[in-house]
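Enquirer: Residue numbers (the numbering used here), protein chains in the order written: chain A, 319 to 654; chain B, 319 to 654.
Incorrect hints may have been included.
A pair counts as met if it fits within one copy or between any two copies, since identical chains are not told apart.
To be verified - List of simulated lysine-lysine pairs, DSSO-like, C-alpha gap at most 27 Å: (1) K357 to K401; (2) K577 to K639; (3) K577 to K523; (4) K381 to K531; (5) K517 to K577; (6) K485 to K523; (7) K531 to K320; (8) K618 to K487; (9) K517 to K485; (10) K523 to K639; (11) K401 to K523; (12) K381 to K357; (13) K616 to K404; (14) K531 to K485.
Treat the hints as calculated values from the structure; they're not laboratory data.
There are 2 protein chains.
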Amino acid sequence: MKNRQWLLERRPQGMISAADFRWVESEVPAPAEGEVLVKNLWLSCDPTQRGWIAGDTYLPAVKLGAVVRSFAVGQVVESRDAKFVKGQLVQGLFGWQDYACVKAGTESAPGRVPEGVPIETAMSALGLTGQTAYFGLLEVGRPQPGETVVVSGAAGATGSVVGQIAKIKGCRAIGIAGGADKCQKLVSEYGFDAAIDYKSEDVGKRLRELCPKGIDVFFDNVGGEILDAALARLARRGRVVLCGAIARYNDSAPAPGPKNYVNLVVQRGRMEGFIILDFMPRAAEAVAALAGWLNDGKIKDAVDVQHGLENAPATLLRLFKGENRGKQLLQIADAQ
Amino acid sequence: MKNRQWLLERRPQGMISAADFRWVESEVPAPAEGEVLVKNLWLSCDPTQRGWIAGDTYLPAVKLGAVVRSFAVGQVVESRDAKFVKGQLVQGLFGWQDYACVKAGTESAPGRVPEGVPIETAMSALGLTGQTAYFGLLEVGRPQPGETVVVSGAAGATGSVVGQIAKIKGCRAIGIAGGADKCQKLVSEYGFDAAIDYKSEDVGKRLRELCPKGIDVFFDNVGGEILDAALARLARRGRVVLCGAIARYNDSAPAPGPKNYVNLVVQRGRMEGFIILDFMPRAAEAVAALAGWLNDGKIKDAVDVQHGLENAPATLLRLFKGENRGKQLLQIADAQ
Numbered sequence: 319m320k321n322r323q324w325l326l327e328r329r330p331q332g333m334i335s336a337a338d339f340r341w342v343e344s345e346v347p348a349p350a351e352g353e354v355l356v357k358n359l360w361l362s363c364d365p366t367q368r369g370w371i372a373g374d375t376y377l378p379a380v381k382l383g384a385v386v387r388s389f390a391v392g393q394v395v396e397s398r399d400a401k402f403v404k405g406q407l408v409q410g411l412f413g414w415q416d417y418a419c420v421k422a423g424t425e426s427a428p429g430r431v432p433e434g435v436p437i438e439t440a441m442s443a444l445g446l447t448g449q450t451a452y453f454g455l456l457e458v459g460r461p462q463p464g465e466t467v468v469v470s471g472a473a474g475a476t477g478s479v480v481g482q483i484a485k486i487k488g489c490r491a492i493g494i495a496g497g498a499d500k501c502q503k504l505v506s507e508y509g510f511d512a513a514i515d516y517k518s519e520d521v522g523k524r525l526r527e528l529c530p531k532g533i534d535v536f537f538d539n540v541g542g543e544i545l546d547a548a549l550a551r552l553a554r555r556g557r558v559v560l561c562g563a564i565a566r567y568n569d570s571a572p573a574p575g576p577k578n579y580v581n582l583v584v585q586r587g588r589m590e591g592f593i594i595l596d597f598m599p600r601a602a603e604a605v606a607a608l609a610g611w612l613n614d615g616k617i618k619d620a621v622d623v624q625h626g627l628e629n630a631p632a633t634l635l636r637l638f639k640g641e642n643r644g645k646q647l648l649q650i651a652d653a654q
Numbered sequence: 319m320k321n322r323q324w325l326l327e328r329r330p331q332g333m334i335s336a337a338d339f340r341w342v343e344s345e346v347p348a349p350a351e352g353e354v355l356v357k358n359l360w361l362s363c364d365p366t367q368r369g370w371i372a373g374d375t376y377l378p379a380v381k382l383g384a385v386v387r388s389f390a391v392g393q394v395v396e397s398r399d400a401k402f403v404k405g406q407l408v409q410g411l412f413g414w415q416d417y418a419c420v421k422a423g424t425e426s427a428p429g430r431v432p433e434g435v436p437i438e439t440a441m442s443a444l445g446l447t448g449q450t451a452y453f454g455l456l457e458v459g460r461p462q463p464g465e466t467v468v469v470s471g472a473a474g475a476t477g478s479v480v481g482q483i484a485k486i487k488g489c490r491a492i493g494i495a496g497g498a499d500k501c502q503k504l505v506s507e508y509g510f511d512a513a514i515d516y517k518s519e520d521v522g523k524r525l526r527e528l529c530p531k532g533i534d535v536f537f538d539n540v541g542g543e544i545l546d547a548a549l550a551r552l553a554r555r556g557r558v559v560l561c562g563a564i565a566r567y568n569d570s571a572p573a574p575g576p577k578n579y580v581n582l583v584v585q586r587g588r589m590e591g592f593i594i595l596d597f598m599p600r601a602a603e604a605v606a607a608l609a610g611w612l613n614d615g616k617i618k619d620a621v622d623v624q625h626g627l628e629n630a631p632a633t634l635l636r637l638f639k640g641e642n643r644g645k646q647l648l649q650i651a652d653a654q
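Let the sequences and hints guide you as you build the complete structure.
Expert: Below, the structure written as structure tokens:
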């Protein structure tokens, strides 16, 4: 029994590539007192991982030669912590590997997995992704009924949930995504009022048409020119929720910022960033609301599943190529 | 008796110039029923005037051939509105001219001038300038005692008051200004804890030295590279108050935005714009507080006075060249 692992070989320059990672096989570690040995079943692929391997962000950078940091769901193989038992599902920052020795109180502390839903749902709509949509939209964006909410990266894991919550809250929801198929799905499957295909349409022109009174809340997953177009169309007292800037994560040099930020003055606007980890003490609130909406059919989960630990780098890359359809997951083993 | 006026000849391209304006002499108008004829005494020069003549902003653009919009203090010459009497001082958007026929309920509605202080003070520390510092810092920036407040354009009319209010509220105040003389004045006269001369010092390096724990509130009057340097140094949950972007007002093409806006995500920061006119219903609150502080010697007024209506374009230009020392005023007549 081996522990297959992806280690960080070098910090990425520009777009991440397979050569940034090194595949090794080592012994399965034995848990010390207080530790839990977890077998990973599912890995979560998230844009923020690009930041974690590039340098210090809101978490310390992954060290060269260390296992690549990744959120995961696994199953307890052996527990030397009384709070966990063999066979139990747990989640946490377990990394790109088959087995992780994890411990409460550390970065990779194991947490409980919501029950009564598939693991995929626990990792997407009920996981950090859905909670990001929930807290980012409601706590940072604070949409009011009747307002217009625009979401970039709308076909992604977070964006699709943002649009659906906006509808639940009585707002108009407009999604921006790349490709006609994604855009059609936004309207027909997720209930957005309209979608803009940034690959074939003039985003600024379409925003003028679709948002005649301006954008009240812009939930930005993308950055770059799309953020600029949205800033230009901001409504009076509009809010820009900065969730990420995937368009820029693989830049080797910092790209120019949004020139239309000056419109924040004219429109008395607010642009605010957030990190979902800050909201973890309130996670139960989000999970309860999201689970209720899922149960009532008011939101649909969007999951894109790939398979095999060996495909971890390629699967992460799908996010930056815009190939994923919803939350990108990588299944690497079946539960016992 | 003539009415000398500066009309808008063309919209500025790049830096404003004398050729953007046309000097005319016309008859002094006669007030209709409900109107008040005002003789202008003092004109206020404000960076936002560049926006007003360039196009629509938060106010409709000044029309070509119309008198250049300007805040002013004048004296009632003839009143056909029962609320005003001859000889009374009034303030409002009376424009670059000797005489204005103004009327309640219109853009140029006359308002009362705070009494018991020189007109210069009523137009600077107690005027829109001081109120901009007051509401922008306290309502948008929301500094807490012990926090670090950094101000760009710190030697200007608004910036100098921002720093002084920050000190009153128990914060560290650091000013950024151009030139050793301005910087020295910030510390010796206005009580800033430190000053950075952006013309001779590396702003980013100095911010790292002076703000080891980061910037809690950045009050930005300038934009451009200074804003980027401050964003790079933002503290956790730091706030950027966007008051203006004088560095960019005379750009003929939009300059790149702040590339470090992405740090708003990492630091959970907030960047927010405001327009002082929104706070006018609460003006009395600011005037009372500012008058108290002036009276107690806790804030000092900074006023730069030029003379003569013929010098209006050149005096406005002083702002964009960074030549003004405090609030830029133009006295064009003496009170009778």
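Enquirer: Evaluate each hint against the coordinates.
Expert: Hint by hint, here is what the structure shows:
Taking the shortest Cα distances, K357 and K401 sit within 27 Å of each other inside one copy (17 Å), while across copies they are farther apart (82 Å). Taking the shortest Cα distances, K577 and K639 sit within 27 Å of each other both inside one copy (25 Å) and across copies (22 Å). For the homomeric pair K577 and K523, the shortest alpha-carbon distances inside one copy (17 Å) and between copies (24 Å) are both at most 27 Å. Taking the shortest alpha-carbon separations for K381 and K531, only the inter-copy value of 25 Å comes in at or below 27 Å, while the best intra-copy value is 48 Å.
For the homomeric pair K517 and K577, the shortest alpha-carbon distances inside one copy (21 Å) and between copies (23 Å) are both at most 27 Å. Taking the shortest alpha-carbon separations for K485 and K523, only the intra-copy value of 23 Å comes in at or below 27 Å, while the best inter-copy value is 46 Å. Taking CA atoms no more than 27 Å apart as the test, K531 paired with K320 passes in neither setting, with 60 Å inside one copy and 45 Å between copies. For the homomeric pair K618 and K487, the shortest alpha-carbon distance inside one copy (16 Å) is at most 27 Å, but the shortest distance between copies (49 Å) is not.
Taking the shortest Cα distances, K517 and K485 sit within 27 Å of each other inside one copy (25 Å), while across copies they are farther apart (51 Å). Proximity of K523 and K639 under a CA criterion of 27 Å is satisfied intra-copy only: 25 Å inside one chain copy versus 36 Å between copies. With identical chains, the CA atoms of K401 and K523 are never at most 27 Å apart, being 56 Å at best within one copy and 49 Å at best between copies. When the C-alpha separation of K381 and K357 is checked against a cutoff of 27 Å, the pair qualifies only within one copy, where the shortest distance is 22 Å, while the shortest distance between copies is 71 Å.
Proximity of K616 to K404 under the C-alpha cut-off of 27 Å is found in neither arrangement, the shortest distances being 35 Å within a copy and 67 Å between copies. When the C-alpha separation of K531 and K485 is checked against a cutoff of 27 Å, the pair qualifies only within one copy, where the shortest distance is 18 Å, while the shortest distance between copies is 41 Å.
Consistency note: the structure conflicts with the earlier hints numbered 7, 11 and 13.
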